[in-house]
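**Student:** Those protein sequences? They're chains A and B, same order as listed. Read in order, the letters of the first sequence are residues 0 to 160 in numbering that gives the first Met the number 0. Read in order, the letters of the second sequence are residues 0 to 261 in numbering that gives the first Met the number 0.
Hint data in this document are derived by calculation from the structure and do not stem from the laboratory. Treat the hints with care, as some may be off.
[Unchecked claim] In silico SDA-like links for lysine to any residue, alpha-carbon gap of 20 angstroms or less: (1) Lys-29/A <-> Glu-204/B; (2) Lys-112/B <-> Phe-113/A; (3) Lys-45/A <-> Glu-13/B; (4) Lys-177/B <-> Glu-254/B; (5) Lys-55/B <-> Trp-24/A; (6) Lys-55/B <-> Ile-17/A; (7) Lys-29/A <-> Glu-253/B; (8) Lys-29/A <-> Glu-232/B; (9) Lys-226/B <-> Glu-204/B; (10) Lys-89/A <-> Asp-10/B; (11) Lys-29/A <-> Lys-177/B; (12) Lys-29/A <-> Lys-244/B; (13) Lys-78/B <-> Glu-254/B; (14) Lys-29/A <-> Met-187/B; (15) Lys-112/B <-> Leu-123/A; (16) Lys-29/A <-> Glu-185/B; (17) Lys-83/B <-> Gly-172/B; (18) Lys-29/A <-> Pro-53/B; (19) Lys-89/A <-> Glu-207/B; (20) Lys-244/B <-> Lys-89/A; (21) Lys-55/B <-> Ile-49/A; (22) Lys-112/B <-> Pro-23/A; (23) Lys-89/A <-> Tyr-14/B; (24) Lys-112/B <-> Met-187/B; (25) Lys-29/A <-> Glu-13/B.
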Amino acid sequence: MTRKILIYIGIAIILLTIQGIVGPWLTIQKIRPDFLLILVLFIGQKEGRIFGQLAGFIIGITMDFVGMSTFLGLSAFVMTLSGFFAGYLKNQRNKINIFSYYITILVIFLIHFFLLYSFYYHSLNLSLQYRMIRYVFPSLIYTGVFYFLIEFIFSKQFERK
Amino acid sequence: MFTRIYNFVLDYIEYVLLVILLGVASFFISSNENPDVRSLQAHVSSVLRFIHYPAKWLDTLSGLVEENNSLKEQNIQLKLLNVKFKEAWLENQRLNDLMGFADSVKMEIIPVKVLNKGVTPIFNSILLDGGENQGIAAYSAVVTTQGIIGKTVSVSKNSTTVHLINDVNFRMGVRLQKSRHSGVLEPMTDRTGLIMEIPKTTPVEIGEDVLTSGYSDIFPKGFPVGKVEEVREVENSIYKNAVIKFNVNVNTVEEVFVVKRK
Numbered sequence: 000m001t002r003k004i005l006i007y008i009g010i011a012i013i014l015l016t017i018q019g020i021v022g023p024w025l026t027i028q029k030i031r032p033d034f035l036l037i038l039v040l041f042i043g044q045k046e047g048r049i050f051g052q053l054a055g056f057i058i059g060i061t062m063d064f065v066g067m068s069t070f071l072g073l074s075a076f077v078m079t080l081s082g083f084f085a086g087y088l089k090n091q092r093n094k095i096n097i098f099s100y101y102i103t104i105l106v107i108f109l110i111h112f113f114l115l116y117s118f119y120y121h122s123l124n125l126s127l128q129y130r131m132i133r134y135v136f137p138s139l140i141y142t143g144v145f146y147f148l149i150e151f152i153f154s155k156q157f158e159r160k
Numbered sequence: 000m001f002t003r004i005y006n007f008v009l010d011y012i013e014y015v016l017l018v019i020l021l022g023v024a025s026f027f028i029s030s031n032e033n034p035d036v037r038s039l040q041a042h043v044s045s046v047l048r049f050i051h052y053p054a055k056w057l058d059t060l061s062g063l064v065e066e067n068n069s070l071k072e073q074n075i076q077l078k079l080l081n082v083k084f085k086e087a088w089l090e091n092q093r094l095n096d097l098m099g100f101a102d103s104v105k106m107e108i109i110p111v112k113v114l115n116k117g118v119t120p121i122f123n124s125i126l127l128d129g130g131e132n133q134g135i136a137a138y139s140a141v142v143t144t145q146g147i148i149g150k151t152v153s154v155s156k157n158s159t160t161v162h163l164i165n166d167v168n169f170r171m172g173v174r175l176q177k178s179r180h181s182g183v184l185e186p187m188t189d190r191t192g193l194i195m196e197i198p199k200t201t202p203v204e205i206g207e208d209v210l211t212s213g214y215s216d217i218f219p220k221g222f223p224v225g226k227v228e229e230v231r232e233v234e235n236s237i238y239k240n241a242v243i244k245f246n247v248n249v250n251t252v253e254e255v256f257v258v259k260r261k
């Protein structure tokens, strides 16, 4: 277990570095992919709800301290929830319809970005439609594309598990 | 009684843990301005500074950055001087010598490199490659040669988190250079902000310079912020709003200057 935790910490540090380097380059109209959310989802799916939410909280709070000037704790809040929800998918990959499985993942992305942008932009009084079209759906699609790319690359490993 | 509580916690450990973690996250959200939280942020970002080394290394490969620093510092002083000359000229026109325009051009600035432009989907901060060791203090203005970019919020020995001008929570006292109207600038989008409640009788020109008002302890007076891009009339109101385009594109900054607090 300790070895596994160390591996996850290592991956998280590498992704944090990658996010810092390529994040600004991949930003399109203020939307950038969230590689650490992808990691939290994978951890949740693999290790379950307890580990998923703990990983989400630790990664989220680290992101807040390194990359937020206001709303410290917001990433931790939404990442904890995402890790928790992803934990429901543990060992479900071969049990439920694959279509339902991926829809669930997209719903987790949707909840994550909806909460993130709703909290962050609450003072601007942006309409729900604007928030969804301008921020939530583009973030969902952008991060989703990377999620499915990574999932495709490592699909063999997932099937083995 | 305790056994029942213990069993309940064990049975619902996932949910209990979820409530605790969300509670801690909520505590952080509600105590952002707490000095202890800011100090913790400074320590964490200082410890995790090493994750930015690859980006820093890639950046310094060009070798031109260091060479440009002194030139940029000179440039910023000249631009400031230019703004002050404009100010003085307008003031002279109004024959308002009594105001005793303070000579505040001379200010100490610290050149710093941008270490990181955020790791969250929300881009509201940058991390600077310098901190207390370089003489940076919390709540100091951060500028580029074009104008204001933000303010420092948490400072560790060697790194500083900057609250950017385009963050939804950023507010700054500004003044329209020609009409002399002062107001509070609120960010709207990545590159624009809004000055509200300008009396309809106040003439506001498109392209007019917007400067810091000097009413704040953080931002020096007369520093460029942006230009008026649009004037929006408000129906059934005695006020109008002005949309300001920021001079600085925060997405592209690589080196900034921190104005040393006196």
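**Student:** Hint by hint, note whether the structure agrees.
**Tutor:** Consistency of the hints with the structure:
For the hint pairing Lys-29/A with Glu-204/B, the CA-to-CA distance comes to about 29 angstroms; that exceeds 20 angstroms, so the pair is violated. Taking the CA atoms of Lys-112/B and Phe-113/A, the gap is about 34 angstroms. The hint is violated against a cut of 20 angstroms. With a CA separation close to 16 angstroms, the supplied pair Lys-45/A and Glu-13/B stays within the 20 angstroms bound. Restraint check: the Cα-Cα separation between Lys-177/B and Glu-254/B comes to about 30 angstroms, which exceeds 20 angstroms; the hinted pair is violated.
The suggested pairing of Lys-55/B with Trp-24/A holds, with an alpha-carbon distance near 15 angstroms, which does not exceed 20 angstroms. For the proposed pair Lys-55/B and Ile-17/A, the alpha carbon gap of about 12 angstroms is at most 20 angstroms, so the pair holds. For the suggested pair Lys-29/A and Glu-253/B, the alpha carbons sit about 18 angstroms apart, so the restraint of at most 20 angstroms is met. Annotation: proposed proximity of Lys-29/A to Glu-232/B is violated, straight-line Cα distance about 28 angstroms (limit 20 angstroms).
At roughly 9 angstroms between alpha-carbon atoms, Lys-226/B and Glu-204/B fall within 20 angstroms of each other, so this suggested pair holds. At roughly 19 angstroms between alpha-carbon atoms, Lys-89/A and Asp-10/B fall within 20 angstroms of each other, so this suggested pair holds. As the CA atoms of Lys-29/A and Lys-177/B are separated by approximately 33 angstroms, the hinted pair breaks the 20 angstroms bound. Of the supplied pair hints, the one linking Lys-29/A and Lys-244/B holds, its CA atoms being roughly 16 angstroms apart against a limit of 20 angstroms.
The hinted pair formed by Lys-78/B and Glu-254/B meets the criterion: a straight-line CA distance of about 16 angstroms does not exceed 20 angstroms. With a C-alpha separation of about 13 angstroms, the suggested pairing of Lys-29/A with Met-187/B holds against the 20 angstroms cut-off. Distance hint between Lys-112/B and Leu-123/A is unfulfilled; the C-alpha atoms sit about 31 angstroms from each other, more than 20 angstroms. Distance restraint check for Lys-29/A and Glu-185/B: the Cα-Cα separation of roughly 18 angstroms lies within the 20 angstroms cut-off, and the hinted pair is therefore satisfied.
With a CA separation close to 18 angstroms, the supplied pair Lys-83/B and Gly-172/B stays within the 20 angstroms bound. As the CA atoms of Lys-29/A and Pro-53/B are separated by approximately 23 angstroms, the hinted pair breaks the 20 angstroms bound. Annotation: proposed proximity of Lys-89/A to Glu-207/B is violated, straight-line Cα distance about 59 angstroms (limit 20 angstroms). Proximity of Lys-244/B to Lys-89/A is assessed by CA-CA distance (about 49 angstroms); at most 20 angstroms being required, the pair is judged violated.
About 36 angstroms separates the Cα atoms of Lys-55/B and Ile-49/A, which puts this hinted pair outside 20 angstroms; it is violated. Simply put, Lys-112/B and Pro-23/A have alpha-carbon atoms about 16 angstroms apart, close enough for the 20 angstroms limit, and the pair holds. For the proposed pair Lys-89/A and Tyr-14/B, the alpha carbon gap of about 16 angstroms is at most 20 angstroms, so the pair holds. Between Lys-112/B and Met-187/B, the direct Cα distance comes to roughly 26 angstroms. Violation of the 20 angstroms bound is thereby established for this hinted pair.
A distance of roughly 35 angstroms separates the Cα atoms of Lys-29/A and Glu-13/B; the hinted pair therefore is violated under the 20 angstroms criterion.
The structure is inconsistent with the numbered hints 1, 2, 4, 8, 11, 15, 18, 19, 20, 21, 24, 25, although it conforms to all the rest.
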